[in-house]
Amino acid sequence: MSTYAFAAVASLISLLLLLPIALRDPKRLRSLRRPVPSPGRERQLLGWGALLPGAALVLLGQWPALLIWLGTVTTLGWLLVQLLARLGAPSPRAG
Amino acid sequence: MIKLSQERNKSLLAVHGWSAVFLGLLLYAVILTGVASVFAKELGDWSSPLAQPVADSFRPGTDRMLREFAATVDPQYHEEMFVFPRAGDRLYAFFHKHETDEDGKPRERGVAAEFDPNTQTLIERREGTDEDVDAGDRANALGDFMVELHVRLHLPNPWGLLLTGVLGLAMLVAAITGFVVHRHLIKELFTLRRHKEKLLSARDTHVIAGTWNLPFAFILAFTGSYFSFGSAFGIPAVAMVVFGGDQEKMIETVIGNPPKEDKTPAPVADFDRMIADVRGRTDAALNFITVQHWGRADSLVTMFMQYPEGKLLGPTYVYSGATGEFRYAKPSLGLQPSTGGALFELMGPLHFGNFAGVFSKAAWFALGFAGAYVTITGLMLWTLRRREQRGWRHLARATVWVGYGLPLALAAPAYAFFPLRAAGELVHGPMMTVFLLVAVAAAGIAWGLRSLTLARRILLGLTGLALLLLPALRLLSGGAGWPLAFDSGLHTVLALDIAFAVGGLLCLLSASRRHAVNAAADEELDAAVEA
Amino acid sequence: MKMILKYNSGPSLPLLSPAVSTSDPAVRRRFWSRFALAGPVVFLCAALVMCGGALWLPKGAAQIDNLVMPIVLFPAIWAGLFFYAYLDRSLARAWAVIGGLSLVHLAVIGLYVMQTMQAAKAAGAGAS
Chain C
1 MSTYAFAAVA
11 SLISLLLLLP
21 IALRDPKRLR
31 SLRRPVPSPG
41 RERQLLGWGA
51 LLPGAALVLL
61 GQWPALLIWL
71 GTVTTLGWLL
81 VQLLARLGAP
91 SPRAG
Chain H
1 MIKLSQERNK
11 SLLAVHGWSA
21 VFLGLLLYAV
31 ILTGVASVFA
41 KELGDWSSPL
51 AQPVADSFRP
61 GTDRMLREFA
71 ATVDPQYHEE
81 MFVFPRAGDR
91 LYAFFHKHET
101 DEDGKPRERG
111 VAAEFDPNTQ
121 TLIERREGTD
131 EDVDAGDRAN
141 ALGDFMVELH
151 VRLHLPNPWG
161 LLLTGVLGLA
171 MLVAAITGFV
181 VHRHLIKELF
191 TLRRHKEKLL
201 SARDTHVIAG
211 TWNLPFAFIL
221 AFTGSYFSFG
231 SAFGIPAVAM
241 VVFGGDQEKM
251 IETVIGNPPK
261 EDKTPAPVAD
271 FDRMIADVRG
281 RTDAALNFIT
291 VQHWGRADSL
301 VTMFMQYPEG
311 KLLGPTYVYS
321 GATGEFRYAK
331 PSLGLQPSTG
341 GALFELMGPL
351 HFGNFAGVFS
361 KAAWFALGFA
371 GAYVTITGLM
381 LWTLRRREQR
391 GWRHLARATV
401 WVGYGLPLAL
411 AAPAYAFFPL
421 RAAGELVHGP
431 MMTVFLLVAV
441 AAAGIAWGLR
451 SLTLARRILL
461 GLTGLALLLL
471 PALRLLSGGA
481 GWPLAFDSGL
491 HTVLALDIAF
501 AVGGLLCLLS
511 ASRRHAVNAA
521 ADEELDAAVE
531 A
Chain S
1 MKMILKYNSG
11 PSLPLLSPAV
21 STSDPAVRRR
31 FWSRFALAGP
41 VVFLCAALVM
51 CGGALWLPKG
61 AAQIDNLVMP
71 IVLFPAIWAG
81 LFFYAYLDRS
91 LARAWAVIGG
101 LSLVHLAVIG
111 LYVMQTMQAA
121 KAAGAGAS
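Protein chains in written order, with the numbering used here: chain C, 1 to 95; chain H, 1 to 531; chain S, 1 to 128.
What the hints contain is simulated information worked out from the structure, not anything from laboratory work.
The structure displayed is predicted, hence computed values, not measured ones.
Even glycine gets a Cβ: it sits at the ideal position worked out from N, Cα and C.
Mixed in with the good hints there might be a few duds.
Have a look at the derived ranges for each label pair, beta carbon to beta carbon [to be verified]: (1) H:E68 to C:L79: 50 to 60 Å; (2) C:L79 to H:N287: 40 to 50 Å; (3) C:R24 to H:E197: 47 to 57 Å; (4) S:R29 to C:L23: 33 to 43 Å; (5) S:L57 to H:R64: 23 to 33 Å; (6) S:Q118 to H:G391: 54 to 64 Å; (7) S:L57 to H:A329: 52 to 62 Å; (8) S:T116 to H:R64: 39 to 49 Å; (9) S:A76 to C:L79: 44 to 54 Å; (10) H:E197 to S:G110: 18 to 28 Å.
Covered by chain S, according to a simulated footprint, are these stretches of chain H (three or more residues, beta-carbon under 8 Å) [claimed, not checked]: (11) 8-19; (12) 121-130; (13) 233-242; (14) 340-354.
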């Protein structure tokens, strides 16, 4: 697999694991006045799981892919948060 | 995350905030120009393409081209030579000797050439010190402007480098303190509260952007301050102690080729053969060639390659410049792999993001933008918190001035470059003048208009306009039209035209809409500042 | 570095909040002392550690580590010294540690320079 392929696959896995963490974030649900599920170990597991693709890249010695993975996940993760903040939101100045 | 006493937390937060107050806007300038510099080569390819794209900068015939040129160069400049592709993939060669200037600082003097590798003809020849030669450069001027601003804020050596070095350390401190004081790092990573109190919203904006950007901020701050301090300060200092001030000797020792002087004149080996040989040894692309002692028996030719696929480090290949025989492969520093050598080599890919073509560059571009965003939102948070105190309102205005004025000022030099280049004039001075004039005008807007929101929108709108019109500017000053660029395969020209147009439109859209990321916080801050 | 938590009668870490009375000369002195230490003094110390380090670090596989590592790691050297100087609750001890490190490396450098000069003189005398 080429560097790009490694990076793409790893990034996709990480982002898919981050998505439920972001959607079900308690602070976010609270601020949107939605019911907050009781805390479980899922968030922690998902969180560590999101790091696993990076660990795999380290073990495989795919250093360029590791760096691209790190960059992609931190940028897209942040963009995801920005997007969610705009989407599930009531009109500004409410609440 | 890390449990600290409240006292320590406040103390570290103080360092985080106050270093930003004094250095944040300058740091933002370095980050933003860094973002532009990621694509400096592409800027050159876009602004100064050759008639055809170049498939191979070092194709057979390069040997004849270099030899013919070397024959026209004074032998005193045969001490050292390097050759590599630059804007538009013109092959750039610089025959030079090392000397010291009036202040004892090392510099180079010689003769430079730009070749068209397709036709293998000489395009331009310039003579003088390295500074003279750079001053006459036009093809690379746009990219170099960004890089010069980034590396030394266009200040003379060593002050510019020392300043950017200090800014790098400040960024390192900000990243470390930001990480350490953040008590619930992971818990807070995912939620931006945009609809509660403005201060909370501004805090979330900064903290979340900063947290996601942490790994990158740490890497860039570390490598960046190394690059600045290394050349301005580290090498001279260590050379002073260990080599009695002889920086050249230190550099030779560290590069590691065994010193073996033999000044007997000797024929110059065939470059086409050496290039073919190195291409047989590795899949990595040839990037850069240096030649020591052209025309002497002890001449050494070193081939530097681009990153091998899937790697961040790769060897260089050393040949005898007199016989053309392959001597050995070695890392950049030292004759064998070493920890120091590996660390040194890693600094490049980690900082420039050029280790995997356009995708890694795009990632570094995005991360850099995020870093700039973190810096500005931090200052906005600081000034919002202190909006009741009159003194801080100037910092709020300065944040708008630099935050929104700098992008505009960075787009402006192109409007000097293209017309002047078309008229055959030198470009560097006017580019800087235009940059400064626009910067001053932006200050006028930021302080002259009572409404900060309006100032912000005007600056953003002007930036959008400046970016949107860049393709037209390029075209009007003699650049290739889209059909011609497409037919000739000048993809970078098309890609950047589109990128500038899209970027410009996004800025204009953003400026025209009332809705901004942090509208509520902005308005509260604006109201306080304008009062 | 184990930092002993002492209870002090006044703030021993630089705090820049209205709670701290900046008109109190003792507090101001401590502030500027800490500022000087964590600022220019730490920078100088880091520079001395970098240059001195080139003299005592092992040369490594390619015989260049002692020259390259201190320069490449300068940001880490500086950051380590900076945070130590800023965070050690005992300002006096911080000055002592930073000062001590600086003096030790200054001595190492001084000795080396003197040795080199003597060797050069001996070589010069031998040649004549």
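Hint check results:
1. H:E68 to C:L79: 50 to 60 Å: Because 53 Å falls inside the window, the suggested range holds.
2. C:L79 to H:N287: 40 to 50 Å: At 33 Å between Cβs, range violated.
3. C:R24 to H:E197: 47 to 57 Å: violated, 24 Å
4. S:R29 to C:L23: 33 to 43 Å: violated, 54 Å
5. S:L57 to H:R64: 23 to 33 Å: At roughly 47 Å between Cβ atoms, R64 of chain H and L57 of chain S fall outside 23 to 33 Å, so the hint is violated.
6. S:Q118 to H:G391: 54 to 64 Å: holds, 59 Å
7. S:L57 to H:A329: 52 to 62 Å: violated, 26 Å
8. S:T116 to H:R64: 39 to 49 Å: holds, 48 Å
9. S:A76 to C:L79: 44 to 54 Å: violated, 31 Å
10. H:E197 to S:G110: 18 to 28 Å: 59 Å Cβ-Cβ, so the 18 to 28 Å window is violated.
11. 8-19: Result for this restraint: holds, n = 7.
12. 121-130: violated (count 0)
13. 233-242: With 8 residues in contact (Cβ-Cβ under 8 Å with chain S), the coverage given for the region 233-242 of chain H holds.
14. 340-354: holds (count 5)
Of the numbered hints given earlier, the model fails hints 2, 3, 4, 5, 7, 9, 10, 12; all others are met.
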